[in-house]
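Asks: Here are the chains, one letter per residue:
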Amino acid sequence: MLIRASTRLMQSKKRENMSNKNVVEIQNLLKQFPVGGGFFTALKDVNLQFKTGEFSGLVGPSGSGKTTLLNQIGGLDSPTEGSVNVLNMDLVNASHNQRADLRKTKMGFIFQSYNLLPVYTVFENVELPLILNKIESKKRKELVEQAVEWVGLTDKLESRPSQLSGGECQRTAIARAIVHKPALVLADEPTANLDAKNSHQIMKILVNLNQELDTSFIFATHDEKIMEYLKRIIHLDDGQVTQDDIIEKPKMSL
Amino acid sequence: MFKFVLNGILRDRSRSLFPIIIVSLIVALVVFYKGFLVGAMGNMFKDSAVITSGHVKVMTTAYKEERQMLPNDLALLEVDHLIADLSQSHPDHFWSPRISFAGLLDLPDENGETKSQGPVFTTGIDFLSENSRQAELWELDTRIVSGREIRHFNESLVSAKLAEQLGLSLGDAVTFVGTTMDNAFTTFNFIVVGTFDLKMGPVDKQMMLADIQGARMALNMENAAAEIFGFKHDMFYDDKNSQVLRNQFNKMHSDTSDIFRPTMMALRDQNQMGTMVDLADVATIIILGIFILIAMIVLWNMGIMSGLRRYGEMGIRLAMGETKGQVYRSLILESVIIGTIGTFIGTAIGIPLTWYVQEYGIDYSSAFENLSNNTMMMTTVFYAKITPDLFFIGIVPGVVATVLGTMLAGRAIYKREMAQLFKELEN
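As they're listed, the protein sequences go chains A and B.
The opening position of the first sequence corresponds to residue 1337 in the numbering used here, with each subsequent residue numbered one higher.
The opening position of the second sequence corresponds to residue 5 in the numbering used here, with each subsequent residue numbered one higher.
Any given hint could be a false lead.
[Stated by the list, open to error] Here are some of the chain B residues that sit facing chain A, going by a computed Cβ distance under 8 Å: (1) Met5; (2) Val9; (3) Pro206; (4) Ile320; (5) Ala323; (6) Glu326.
Simulated from the structure, these hints should not be mistaken for laboratory data.
Every residue, glycine too, gets a C-beta built ideally from N, C-alpha and C.
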């Protein structure tokens, strides 16, 4: 416990040192999609910064631009205008391969429908990002076991996704997203398919990881349960940021 | 990553079992089809080669000009010497003298009077010399309907049709009536020791087979032969090889003032066989090409279906930082693994199937029964042929087509916006 407390202390200091550092900087973002002969504006005049270790959420009704903004931050889509700088990389001018490399080494993704690869075991699903990062086999095993322990699935290492409950699947997906200790995790409606009990479990795991690993989390959600854990809530409506609230004391915490 | 991909293939039946079954079946069919086509074409030429043309054959220039008339007065002389020369200069072939002649066949009654009589076309073949392969080539073990093979120079085999027509029985002494090579009248007695059926429709209707020694005695052609047939040892007609051999031989014997100089003809130079050879080659290429093309389309479609089914997987892998190129290459790696396994299994199925048809053949005789006027020298039993290329030809549809299909299908990954693939994760 003493070691754990000292680790917490070190992380806390580290967070203080890095708290001014932005992991994401978005300026004058405009995203339009061609529709018929014209354009549909999905995002407009978006200016946002996310700092290291933030536990924040993009909140808004369906079609408000949450997922589109998450895709911009993840480098999965390019803006029509404006700039998106993530982890010191200018995504607008970065090549596909540079963006892929950023995702591979410094980012993690969590999806609403888990998207585990069905033919692989929990161990193998969690191991995949490490294989892509060319981590050697022994180290991979160590990291996978650690990640699985974080999410409480040590006894399910050899199970396939079809043998897991929804909550267990999402916990596997979380382990996969954080196994390589990314600086930023993007989570798109991570609890949408889960019941209340599982949703709280998942959120507690994520809050814990946010504190343990100093990883920044950005959620896209309209789930009230998630919002109770968030330290920053950014409201989107019709592709525009309408409100940006810092929550000093979230309703739910560890 | 290879292990990761391999585990995925092995565990996901729709990614492995179904494609491997399809690839295996297509490869097995291609292997068998190629073996059967080659065998069937080879058989078609083999019978013509054995009966009328050889893979190549040598005769005098004068005989060649009038060969339809069977002009034995223009036959080759000093044949033993010529065969020795040919065997030495062309050891990839074996050489056999042949005399074809026509006349009357007379069956006497117990008083020596004519009981029955009819025209006969006789072929004098070297059955009895040491190392002769003629009985094997004529497949007498299967074509003799009754009796036995020739063991003595004055014995003969008569076609079952001719035997029935003349009322011949085994052991009958029949008299050949004709002319010698000097155009003198001749008669010669042959003992009928067997009847045969070439299974080629009416081709053998009036045919009698005799040993060349008997034919030489009957026609007064000591150490002479109308033609010397040359066959490749493996009995497979190689058109290019035969043409080269023919050209070389004729270049060496180009004294145009000597009408008895030996000249060589390839199988393709006789009875419009050249057209048949060319047609067979083109047909084989076209049929096999179409077959492989269809196989490729099937495999391509399979690749597309597999790709569509796995858009979600592609999306998650891209999200995790794989580049499109890496995903594309891993798909190709999968198709190489599946194609290779399918090719191996397909070849392992196709070769024994081809071997079976090579050994036992497919009998089409019922289809030829009604062709009473058929004069084509065509076998009614088709055999496949296992050639070395059958062990490799499966690679074309098995690996190349599978990989090409996957490459084409995989283009969809490039065509699709990454965010769209990503979005499909939620569907």
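Asks: Now, for every hint given, state plainly whether the structure supports it.
Replies: Evaluated hints:
1. With its C-beta approaching chain A no nearer than about 6 Å, Met5/B sits inside the 8 Å limit, and its interface hint holds.
2. Hint status for Val9/B: violated, given a least beta-carbon distance of 10 Å to chain A, over 8 Å.
3. Evaluation of the Pro206/B hint against chain A yields a violated restraint, the C-beta minimum of about 65 Å exceeding 8 Å.
4. With a least beta-carbon distance of about 5 Å to chain A, the hint placing Ile320/B at the interface is held under the 8 Å criterion.
5. The restraint placing Ala323/B at the interface with chain A holds, with a minimum CB-CB distance near 5 Å, inside the 8 Å limit.
6. Annotation: Glu326/B was flagged as interfacial toward chain A, and the flag holds, the nearest CB pair being 6 Å apart, inside 8 Å.
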